[in-house]
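Novice: Sequence:
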Amino acid sequence: MSVCSSRHSLSSRLALTLFASLLPWLQAEASVLLAFPQAELEEERVRSSSSYRVMLSPIREVGSELRAENSVRLAVEGSGQLFRMAPGITRQDARRWYLEQLQNRGASILFQCSGRECGRSNVWANQVFDLSTLYGRDAQQEYLVAGFEDGEGGRWLVVLYTVTRGNQREYLWLEQLQLADDAVLPGLDGEGGRLAGPVIVPWEGSVSVSFDWGAESQRILDSMASDPNARIVIAGFSGLEPGETLEAATDRAERAANTMSDLLDRSGLSRSRHIVRAIGPLVRFSTPERPENRIEILVIRPPEGSSGNE
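Residue 825 in our numbering is what sits at position 309 of the sequence shown, and the numbering runs on without skipping anything.
Take these hints with a grain of salt, some might be off.
FRET-style restraints, in silico, Cβ to Cβ [unchecked claim]: (1) Q684 to R612: 37 to 45 Å; (2) E763 to E558: 46 to 54 Å; (3) A764 to A696: 26 to 34 Å; (4) S567 to S739: 40 to 48 Å; (5) N586 to S726: 22 to 30 Å; (6) R782 to R589: 44 to 52 Å.
Calculated directly from the structure, the hints in this document are not laboratory data. Backbone N, C-alpha and C define an ideal beta-carbon position, used for all residues, glycine too.
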(Lines of atoms letter the chains of each structure in order from A and count residues from 1; the text may use other names and numbers.)
(Lines give C-alpha, C1' and ligand atoms only; values in the text may rest on other atoms or scores of the structure.)
Protein backbone atom coordinates (compact mmCIF):
# COMPACT_ATOMS: atom_id res chain seq x y z
CA MET A 1 0.00 0.00 0.00
CA SER A 2 1.30 3.46 -0.90
CA VAL A 3 1.89 6.17 1.69
CA CYS A 4 -0.81 8.29 0.00
CA SER A 5 -3.34 5.45 0.14
CA SER A 6 -2.48 4.75 3.77
CA ARG A 7 -2.94 8.40 4.70
CA HIS A 8 -6.32 8.47 2.88
CA SER A 9 -7.47 5.37 4.77
CA LEU A 10 -6.39 6.89 8.09
CA SER A 11 -8.19 10.15 7.30
CA SER A 12 -11.38 8.22 6.46
CA ARG A 13 -11.22 6.29 9.72
CA LEU A 14 -10.66 9.49 11.69
CA ALA A 15 -13.61 11.15 9.95
CA LEU A 16 -15.87 8.19 10.74
CA THR A 17 -14.69 8.17 14.35
CA LEU A 18 -15.35 11.91 14.66
CA PHE A 19 -18.84 11.53 13.12
CA ALA A 20 -19.66 8.66 15.47
CA SER A 21 -18.56 10.71 18.48
CA LEU A 22 -20.70 13.66 17.35
CA LEU A 23 -23.79 11.61 16.49
CA PRO A 24 -25.28 11.58 20.01
CA TRP A 25 -24.77 15.34 20.23
CA LEU A 26 -26.41 15.89 16.83
CA GLN A 27 -29.37 13.73 17.84
CA ALA A 28 -29.66 15.60 21.15
CA GLU A 29 -29.86 18.89 19.25
CA ALA A 30 -33.12 17.63 17.68
CA SER A 31 -34.68 16.78 21.03
CA VAL A 32 -35.22 18.45 24.38
CA LEU A 33 -36.97 15.76 26.43
CA LEU A 34 -35.25 12.82 28.10
CA ALA A 35 -36.19 9.49 26.54
CA PHE A 36 -38.31 7.11 28.61
CA PRO A 37 -35.76 4.59 29.95
CA GLN A 38 -38.07 1.55 29.99
CA ALA A 39 -38.84 1.50 26.29
CA GLU A 40 -36.93 0.44 23.18
CA LEU A 41 -36.39 2.88 20.33
CA GLU A 42 -37.56 1.06 17.19
CA GLU A 43 -37.50 3.81 14.60
CA GLU A 44 -36.49 7.44 14.20
CA ARG A 45 -37.40 9.88 11.46
CA VAL A 46 -36.25 13.39 10.64
CA ARG A 47 -38.97 16.03 10.63
CA SER A 48 -37.98 18.99 8.47
CA SER A 49 -40.69 20.86 6.64
CA SER A 50 -41.83 24.37 5.77
CA SER A 51 -45.48 23.24 6.01
CA TYR A 52 -45.78 20.42 8.55
CA ARG A 53 -49.37 19.65 9.53
CA VAL A 54 -50.18 19.25 13.23
CA MET A 55 -53.63 18.06 14.31
CA LEU A 56 -55.36 20.09 17.04
CA SER A 57 -58.70 18.24 17.01
CA PRO A 58 -60.07 14.71 16.52
CA ILE A 59 -59.68 13.34 13.01
CA ARG A 60 -61.71 11.33 10.54
CA GLU A 61 -61.33 9.98 7.05
CA VAL A 62 -63.87 10.88 4.36
CA GLY A 63 -63.22 8.71 1.35
CA SER A 64 -59.45 8.82 1.22
CA GLU A 65 -59.23 12.40 2.51
CA LEU A 66 -58.08 13.25 6.02
CA ARG A 67 -60.37 15.69 7.84
CA ALA A 68 -59.84 17.66 11.06
CA GLU A 69 -61.79 20.65 12.36
CA ASN A 70 -58.61 22.27 13.63
CA SER A 71 -55.07 21.84 12.36
CA VAL A 72 -52.08 24.07 11.60
CA ARG A 73 -49.23 23.98 9.12
CA LEU A 74 -45.90 25.11 10.53
CA ALA A 75 -42.25 25.39 9.56
CA VAL A 76 -40.45 22.91 11.81
CA GLU A 77 -37.17 21.08 12.34
CA GLY A 78 -36.98 18.04 14.60
CA SER A 79 -37.50 14.33 14.90
CA GLY A 80 -40.08 11.62 15.37
CA GLN A 81 -39.33 8.53 17.46
CA LEU A 82 -41.20 5.23 17.85
CA PHE A 83 -40.83 3.48 21.22
CA ARG A 84 -42.06 0.02 22.24
CA MET A 85 -42.71 -0.49 25.93
CA ALA A 86 -40.66 -3.10 27.79
CA PRO A 87 -42.56 -6.12 29.21
CA GLY A 88 -44.59 -5.11 32.26
CA ILE A 89 -44.41 -1.40 31.39
CA THR A 90 -47.49 0.44 30.15
CA ARG A 91 -47.87 3.29 27.71
CA GLN A 92 -49.43 5.28 30.57
CA ASP A 93 -46.10 4.97 32.42
CA ALA A 94 -44.31 6.51 29.44
CA ARG A 95 -46.99 9.16 28.97
CA ARG A 96 -46.63 10.26 32.60
CA TRP A 97 -42.83 10.43 32.15
CA TYR A 98 -43.18 12.93 29.30
CA LEU A 99 -46.05 14.87 30.90
CA GLU A 100 -43.93 15.50 34.00
CA GLN A 101 -41.13 16.90 31.82
CA LEU A 102 -43.60 19.09 29.94
CA GLN A 103 -45.04 20.39 33.20
CA ASN A 104 -41.53 21.10 34.47
CA ARG A 105 -40.94 23.24 31.38
CA GLY A 106 -44.19 25.14 31.87
CA ALA A 107 -45.67 23.72 28.68
CA SER A 108 -49.15 24.63 27.47
CA ILE A 109 -51.40 21.74 26.45
CA LEU A 110 -52.79 22.82 23.08
CA PHE A 111 -54.97 19.76 22.46
CA GLN A 112 -55.49 16.28 23.85
CA CYS A 113 -57.95 13.43 23.44
CA SER A 114 -58.27 9.79 24.44
CA GLY A 115 -60.00 6.65 23.22
CA ARG A 116 -62.58 6.75 20.45
CA GLU A 117 -63.02 10.52 20.81
CA CYS A 118 -59.69 10.90 18.96
CA GLY A 119 -60.99 9.15 15.85
CA ARG A 120 -59.85 5.89 14.26
CA SER A 121 -56.42 4.57 15.20
CA ASN A 122 -55.78 3.33 11.68
CA VAL A 123 -56.22 6.91 10.41
CA TRP A 124 -53.70 8.26 12.94
CA ALA A 125 -51.26 5.48 12.04
CA ASN A 126 -51.52 5.53 8.26
CA GLN A 127 -52.75 9.00 7.33
CA VAL A 128 -51.23 11.24 10.02
CA PHE A 129 -47.98 9.55 11.07
CA ASP A 130 -47.46 7.22 8.07
CA LEU A 131 -46.44 4.43 10.43
CA SER A 132 -48.51 1.25 10.31
CA THR A 133 -46.98 -0.02 13.58
CA LEU A 134 -49.16 2.54 15.40
CA TYR A 135 -52.39 0.91 14.21
CA GLY A 136 -54.05 -0.30 17.39
CA ARG A 137 -57.30 -0.30 19.31
CA ASP A 138 -59.49 2.79 19.00
CA ALA A 139 -60.46 2.62 22.68
CA GLN A 140 -56.82 2.37 23.80
CA GLN A 141 -55.13 5.43 22.31
CA GLU A 142 -54.20 8.91 23.50
CA TYR A 143 -53.03 11.96 21.58
CA LEU A 144 -51.56 15.17 22.95
CA VAL A 145 -49.94 18.33 21.57
CA ALA A 146 -48.03 20.66 23.89
CA GLY A 147 -45.81 23.67 23.37
CA PHE A 148 -43.19 25.50 25.40
CA GLU A 149 -40.30 27.92 25.17
CA ASP A 150 -36.79 26.77 26.08
CA GLY A 151 -34.23 28.74 28.05
CA GLU A 152 -32.79 30.30 24.89
CA GLY A 153 -36.10 31.53 23.49
CA GLY A 154 -36.65 28.65 21.09
CA ARG A 155 -40.24 27.43 20.77
CA TRP A 156 -40.93 23.71 20.75
CA LEU A 157 -43.94 21.62 19.88
CA VAL A 158 -44.26 18.11 21.32
CA VAL A 159 -46.64 15.54 19.86
CA LEU A 160 -47.39 12.38 21.89
CA TYR A 161 -49.43 9.46 20.57
CA THR A 162 -49.76 6.20 22.52
CA VAL A 163 -51.64 3.06 21.53
CA THR A 164 -52.12 -0.59 22.41
CA ARG A 165 -52.03 -2.93 19.42
CA GLY A 166 -54.20 -5.99 18.99
CA ASN A 167 -51.27 -8.20 20.08
CA GLN A 168 -51.16 -6.24 23.40
CA ARG A 169 -47.86 -4.56 22.56
CA GLU A 170 -47.81 -0.91 23.60
CA TYR A 171 -46.21 1.89 21.62
CA LEU A 172 -45.49 5.58 21.93
CA TRP A 173 -44.79 7.98 19.07
CA LEU A 174 -42.95 11.16 20.10
CA GLU A 175 -42.32 14.19 17.90
CA GLN A 176 -40.11 17.03 19.12
CA LEU A 177 -40.38 19.93 16.71
CA GLN A 178 -38.63 23.27 16.95
CA LEU A 179 -40.69 26.04 15.37
CA ALA A 180 -39.31 28.56 12.93
CA ASP A 181 -38.97 32.09 14.33
CA ASP A 182 -41.86 33.39 12.22
CA ALA A 183 -44.22 30.47 12.89
CA VAL A 184 -47.53 31.55 14.41
CA LEU A 185 -49.26 29.11 16.76
CA PRO A 186 -52.20 30.21 18.95
CA GLY A 187 -51.55 29.33 22.59
CA LEU A 188 -47.79 29.52 22.16
CA ASP A 189 -47.35 33.22 21.49
CA GLY A 190 -47.52 36.45 23.46
CA GLU A 191 -49.15 36.48 26.88
CA GLY A 192 -49.99 32.78 26.69
CA GLY A 193 -46.39 32.12 27.74
CA ARG A 194 -47.19 33.49 31.21
CA LEU A 195 -49.23 30.42 32.09
CA ALA A 196 -47.53 27.25 33.32
CA GLY A 197 -49.17 23.96 34.14
CA PRO A 198 -51.42 22.47 35.13
CA VAL A 199 -49.92 20.11 37.68
CA ILE A 200 -52.68 17.55 38.20
CA VAL A 201 -53.02 16.02 41.66
CA PRO A 202 -55.61 13.27 42.29
CA TRP A 203 -57.26 13.31 45.71
CA GLU A 204 -59.53 11.09 47.76
CA GLY A 205 -61.42 11.28 51.02
CA SER A 206 -64.17 13.48 52.40
CA VAL A 207 -63.61 14.96 55.86
CA SER A 208 -59.91 14.09 55.65
CA VAL A 209 -58.32 14.55 52.23
CA SER A 210 -55.23 12.73 50.93
CA PHE A 211 -53.26 13.47 47.76
CA ASP A 212 -51.13 11.55 45.28
CA TRP A 213 -48.27 13.99 45.93
CA GLY A 214 -44.55 13.40 46.16
CA ALA A 215 -41.13 15.00 45.91
CA GLU A 216 -41.16 15.04 42.09
CA SER A 217 -44.48 16.90 41.95
CA GLN A 218 -43.16 19.40 44.50
CA ARG A 219 -39.98 19.90 42.47
CA ILE A 220 -41.96 20.56 39.29
CA LEU A 221 -44.19 23.12 41.01
CA ASP A 222 -41.23 24.83 42.73
CA SER A 223 -39.60 25.26 39.31
CA MET A 224 -42.79 26.63 37.75
CA ALA A 225 -43.34 29.08 40.63
CA SER A 226 -39.72 30.21 41.02
CA ASP A 227 -40.67 33.82 40.26
CA PRO A 228 -41.71 35.16 43.70
CA ASN A 229 -44.30 37.42 42.03
CA ALA A 230 -46.05 34.55 40.25
CA ARG A 231 -49.54 33.64 41.48
CA ILE A 232 -50.51 30.01 42.15
CA VAL A 233 -54.04 28.98 41.19
CA ILE A 234 -55.37 25.94 43.05
CA ALA A 235 -58.57 24.65 41.45
CA GLY A 236 -60.52 21.84 43.13
CA PHE A 237 -62.59 19.43 41.04
CA SER A 238 -64.91 16.65 42.21
CA GLY A 239 -67.31 14.09 40.80
CA LEU A 240 -71.00 14.09 41.65
CA GLU A 241 -71.64 11.04 43.82
CA PRO A 242 -74.97 9.15 43.66
CA GLY A 243 -77.55 11.02 45.74
CA GLU A 244 -75.16 13.92 46.38
CA THR A 245 -76.20 17.54 45.92
CA LEU A 246 -74.21 19.99 43.81
CA GLU A 247 -73.44 22.02 46.92
CA ALA A 248 -72.05 19.00 48.77
CA ALA A 249 -69.84 18.00 45.84
CA THR A 250 -68.54 21.55 45.53
CA ASP A 251 -67.86 21.67 49.27
CA ARG A 252 -65.72 18.53 48.95
CA ALA A 253 -63.74 20.15 46.13
CA GLU A 254 -63.28 23.33 48.19
CA ARG A 255 -62.05 21.31 51.18
CA ALA A 256 -59.53 19.52 48.96
CA ALA A 257 -58.32 22.80 47.42
CA ASN A 258 -57.86 24.43 50.83
CA THR A 259 -56.00 21.37 52.11
CA MET A 260 -53.65 21.59 49.12
CA SER A 261 -53.16 25.29 49.86
CA ASP A 262 -52.14 24.37 53.42
CA LEU A 263 -49.69 21.77 52.11
CA LEU A 264 -48.06 24.18 49.66
CA ASP A 265 -47.83 26.89 52.33
CA ARG A 266 -45.95 24.49 54.61
CA SER A 267 -43.63 23.55 51.73
CA GLY A 268 -42.52 27.17 51.28
CA LEU A 269 -44.96 28.43 48.62
CA SER A 270 -46.67 31.12 50.68
CA ARG A 271 -50.45 31.14 51.01
CA SER A 272 -50.33 34.87 50.14
CA ARG A 273 -49.59 33.85 46.55
CA HIS A 274 -52.52 31.40 46.29
CA ILE A 275 -55.80 31.81 44.43
CA VAL A 276 -58.12 29.00 45.59
CA ARG A 277 -61.18 28.08 43.52
CA ALA A 278 -63.73 25.29 43.97
CA ILE A 279 -64.98 24.06 40.59
CA GLY A 280 -66.59 20.87 41.89
CA PRO A 281 -68.46 18.84 39.23
CA LEU A 282 -69.26 21.89 37.07
CA VAL A 283 -66.57 21.09 34.48
CA ARG A 284 -66.96 17.58 33.10
CA PHE A 285 -63.62 16.59 31.63
CA SER A 286 -61.85 13.48 32.85
CA THR A 287 -59.18 11.17 31.44
CA PRO A 288 -56.91 8.60 33.14
CA GLU A 289 -54.56 11.52 33.94
CA ARG A 290 -57.46 13.81 34.95
CA PRO A 291 -59.75 11.89 37.34
CA GLU A 292 -62.95 13.54 38.55
CA ASN A 293 -61.53 14.14 42.05
CA ARG A 294 -58.44 16.19 41.32
CA ILE A 295 -56.60 19.43 42.01
CA GLU A 296 -55.22 21.40 39.06
CA ILE A 297 -52.43 23.83 39.91
CA LEU A 298 -51.62 26.64 37.47
CA VAL A 299 -48.90 29.26 37.82
CA ILE A 300 -49.49 32.74 36.37
CA ARG A 301 -46.35 34.78 35.86
CA PRO A 302 -46.68 38.59 36.12
CA PRO A 303 -46.56 40.78 32.99
CA GLU A 304 -43.21 42.16 31.96
CA GLY A 305 -42.29 45.11 34.16
CA SER A 306 -44.95 44.33 36.74
CA SER A 307 -44.27 43.85 40.44
CA GLY A 308 -46.85 41.06 40.50
CA ASN A 309 -49.39 43.01 42.58
CA GLU A 310 -52.18 42.81 40.04
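Novice: If a hint holds in the structure, say so; if it doesn't, say that too.
Specialist: Hint by hint, here is what the structure shows:
1. Distance hint for Q684 and R612: a CB-CB separation of about 20 Å, inconsistent with the stated range 37 to 45 Å.
2. The hint said 46 to 54 Å for the Cβ distance between E763 and E558, and at roughly 52 Å that hint holds.
3. With their beta carbons about 51 Å apart, A764 and A696 fall outside the hinted range of 26 to 34 Å.
4. Against the hinted window of 40 to 48 Å, the Cβ-Cβ separation of S567 and S739 comes to about 34 Å, which falls outside the hint.
5. Hint check: N586 to S726, Cβ distance near 38 Å, so the stated range 22 to 30 Å is violated.
6. Checked against the hint of 44 to 52 Å, the pair R782 and R589 passes, with Cβ atoms roughly 48 Å apart.
Going down the numbered hints, you'll see the structure goes against 1, 3, 4 and 5, while the others check out.
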